[in-house]
Structures are given as structure tokens and as C-alpha cells.
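Undergrad: What follows is each chain in one-letter form.
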Amino acid sequence: MSDHHHDHGHHPHPISDVQARARALESLLRDKGLLTPGAVDTLVSAYEQDIGPLNGAKVVARAWTDPDYKQRLLEEGSGAIRELGFGGLQGEHMVVVENTPEVHNVVVCTLCSCYPWPVLGLPPVWYKSAPYRSRVVREPRAVLAEFGTELGDDVAIRVWDSSAEIRYLVLPERPAGTEHLSEEELAGLVTRDAMIGVQKVEAPA
Amino acid sequence: MNGVHDMGGLHGFGPIRPETGEPVFHQAWEQDVFASVIALMAQGVYNLDEFRHAVERIGAAHYLDSSYYDHWLSAAELVLCEKGLIDPAELDRRIADIKADPDAHARPPAGDADPLAEALTQGLQAGLPAHREVAAGPRFAVGDRVVTNNLQPPGHIRLPAYVRDKPGVVVMTHGAHVLPDTHAHGGDESPAHLYTVRFDGDRVWGETAADRPAANHVDLWEPYLSPA
Numbered sequence: 001m002s003d004h005h006h007d008h009g010h011h012p013h014p015i016s017d018v019q020a021r022a023r024a025l026e027s028l029l030r031d032k033g034l035l036t037p038g039a040v041d042t043l044v045s046a047y048e049q050d051i052g053p054l055n056g057a058k059v060v061a062r063a064w065t066d067p068d069y070k071q072r073l074l075e076e077g078s079g080a081i082r083e084l085g086f087g088g089l090q091g092e093h094m095v096v097v098e099n100t101p102e103v104h105n106v107v108v109c110t111l112c113s114c115y116p117w118p119v120l121g122l123p124p125v126w127y128k129s130a131p132y133r134s135r136v137v138r139e140p141r142a143v144l145a146e147f148g149t150e151l152g153d154d155v156a157i158r159v160w161d162s163s164a165e166i167r168y169l170v171l172p173e174r175p176a177g178t179e180h181l182s183e184e185e186l187a188g189l190v191t192r193d194a195m196i197g198v199q200k201v202e203a204p205a
Numbered sequence: 001m002n003g004v005h006d007m008g009g010l011h012g013f014g015p016i017r018p019e020t021g022e023p024v025f026h027q028a029w030e031q032d033v034f035a036s037v038i039a040l041m042a043q044g045v046y047n048l049d050e051f052r053h054a055v056e057r058i059g060a061a062h063y064l065d066s067s068y069y070d071h072w073l074s075a076a077e078l079v080l081c082e083k084g085l086i087d088p089a090e091l092d093r094r095i096a097d098i099k100a101d102p103d104a105h106a107r108p109p110a111g112d113a114d115p116l117a118e119a120l121t122q123g124l125q126a127g128l129p130a131h132r133e134v135a136a137g138p139r140f141a142v143g144d145r146v147v148t149n150n151l152q153p154p155g156h157i158r159l160p161a162y163v164r165d166k167p168g169v170v171v172m173t174h175g176a177h178v179l180p181d182t183h184a185h186g187g188d189e190s191p192a193h194l195y196t197v198r199f200d201g202d203r204v205w206g207e208t209a210a211d212r213p214a215a216n217h218v219d220l221w222e223p224y225l226s227p228a
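Protein chains in written order, with full-length UniProt numbering: chain P, 1 to 205; chain R, 1 to 228.
Same shape as in the complex, but just chain P (with noise of 0.2 angstroms):
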């Protein structure tokens, strides 16, 4: 970005003050030895290209077709998700919960910004922000609302705050009219918002 900053040359402070703390913490680091190039790049390219919610998706989806699967991920998260490859940072104590036509699970950090880093990513702005995670844990049905989800009066919800190193997926409910679908399809049906608890899996249309 910094070789664009003559386009704006009208400003005086073709740099933000943000971007100047920043740039000044990593060269600093750089300097001290702590921090490289390359060590940006790889953590930077892991979160961008390979750690995602399609992670979280092909954990749900083998647990849709796979009663063993889905026993071995209800009872003990972490070691389940770690047989299709996925864990460490952020990942280190997994326990899935699962949602049904009586209960429906909703997961947040109020402290901070707790979530589930192997399986889902980095979590989205809105799921660190003050309006969700002040809301959520007191008024759930009303965020849920919010995200297009509404829930029978029958049905009874549960937020589960991070507040530890616990890190909690939600395994949403199969959609009715996919049982013709495989293994890779129902994968491709399943959202990191329906991970989190705030919406429900929608089947093809």
C-alpha cells in the first residue's frame, strides 16, 4: 500500500496515524530480531489461505453422515476435529455442541474475542464488537433475529461464553431434503454463521 501514498498527495499524512504505529511496532520488531518477513507472510497467509470455515464445515459434515464420527466429536472435540487434520492455535481444547428441534447453541466471547481459530478462521468484525457480545448472552433471540433467525418460543437457547481456553463449535441441525446429498455437498452447505449459532443451515433451494 505505502508505494500508492503519492495518489493521495493532496493530504499531508499520506499515512494514518494507525498505520504508522503499526508499521513502527513490526520494524522495531524487526530490528530487536523478534519478528521477519517471512514470519509475517506465514501467519498472515495461513488465516488468508488455508485456515477457514470450511474446516468447521467438513467436521459437521462428516458428523451428518458418520454416527461414529459425530459420537467420538460430541464427546471429546478436540481429538475428532484433529482426525480430519484440523487443531492447534486456538483450537487446543474443542467441545462441540449440538443443536436440535428443542435446543439451539450460541457461542460468544463477552471478555474478549475467544473463538474457535482452526475450524472457523479468525472471527469476523461483528463477533468482536460490543453490540454482540454485550447483547447476545441477555437478549439471544433478539441478535438471532437480527442475523434472520427466528426460533419457536418452544425452543430453548443456550449461550456458551469463552471465558477460559474451552473453544466451542456449534453442530448445527442436518436441513430436511438432504439426504441425497454427499459427504462434499452437505460440506458445502454449512456456514461459519451457523458454527457460531447465530443462523441455521438452509437447504439447497
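By construction, these hints were calculated from the structure, which means they are not laboratory data.
Keep in mind that the hints are not guaranteed to be accurate.
[Stated by the list, open to error] Here are the simulated PhoX-like pairs of lysine-lysine, each with C-alpha atoms no more than 25 angstroms apart in a straight line:
1. K83/R with K32/P
2. K32/P with K166/R
3. K128/P with K200/P
All values derive from a computational prediction rather than experimental measurement.
Knowing the structure of chain P, use the given hints to seat chain R on it.
TA: Just chain R now, with coordinates in the frame of chain P:
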């Protein structure tokens, strides 16, 4: 710490605003901050709990009025200056140099051999498990009724205010985990048994609260709990 970071149940923050097609990072500087914070933690410059507590201490007004990666940047500046790894005057000079010349100190392309990058790749896979083996068994079992203690220390704690001094039921035990309260302040792990506790929404929010959940679940360490 009774800080603005402890947001569960607060009113007044308005609607949630999801972004369609949201990128992983919105701006290049966020990538630098993310990588800096993770690389320092992986190298043991600070631990996760120290960093979380630094985020809590960036200033209440700034916390509410800045973006997420600005929180991380502010917390990294704070903790690195406190640890003496960066001199505040040196940081100010570097920022001023970059504002005077936006190309100054730009990150060069990655080199071929990079042991730190390789170590980080392995570190992401291994993670930083918080579970520890301890001799003492858990004080509580699944099904036990507990009440959260009324703890309001000025330092780091992971007992959200909305479930402070509230009755609940243990629904999961997780063995002993590193205790953030001490780990954030000097690095002593003091592992303590960790439990998932279920709180009845009626008790947390009041029986007349509109739209309260059936249950709130919070992960709590043994020192936060007493038998009910």
C-alpha cells in the same frame, strides 16, 4: 478488573452490523499487527493472559472508540514498553520518522530461509494447550450446585460480571488449566480445575427480562466457585 471489556449484558451498543463478504484483514496494517502479536506470544515474550490483560488496560475510552486490531496494537505497545523491550521514546521517534516519510522502515520481501517462519508454522499446529496435570482432584463434579464468588480484583480475572455471585450447576469438568489471574501477572501458571457452569437465564437476568436465554454457560476456575 471491572473494565469496559467485560461487556456481557450491557445496554446501549446498538444493532449488530455483519459485513457481507468480509475479508480476513481489512487493511495491510492489521496483518502486521496480527503477525507481530502472535509471533511475540509464540516466542514467549509475553503469554496470552498477559496480552489479554494489556488489552484491558489500553484505556476505557480508547477501548470503546477504536478498532479491534488497534486494541491489539495498543496492547502490544503497552506490554513491550512495560517489559523494557521497546523504549517509549524510541517508539515515538520511529512513528515520527514514518509519518515524515511513509516509505521509511517498510517491510522488505521475505528471505528464502526463515527459521522463525518455520517455527511459527509448527507452533500454529501445536498450539498453546492450557491443560496441566495436577495431583489434587477436582472439588466439584458434574451436577454439583455451586455459587460464583464475589471477586472484583483490580487485576486480571475471567469471571464475567454478569455471572458474579450467582448460583449455577457444573455441567462439564475439564481438568486443571492455567489460571489467568496469576498467569497474567508474572507468569505463574497456578493450574486450577476448570468447569463449565450452567446458569439459569431467569436467575442471571431476572424473571421479567424479555428475551432472556434459557441458560448461560461460562467456563470458570475452581477459585471462582463455592459450594451452593
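Undergrad: Each of the hints needs a verdict: does it hold here or not?
TA: Status of the hints after comparison with the structure:
1. K83/R with K32/P: At roughly 14 angstroms apart (the allowed maximum being 25 angstroms), K32/P and K83/R satisfy the hint.
2. K32/P with K166/R: With a Cα-Cα distance of about 48 angstroms, the restraint between K32/P and K166/R is violated, given a limit of 25 angstroms.
3. K128/P with K200/P: holds, 21 angstroms
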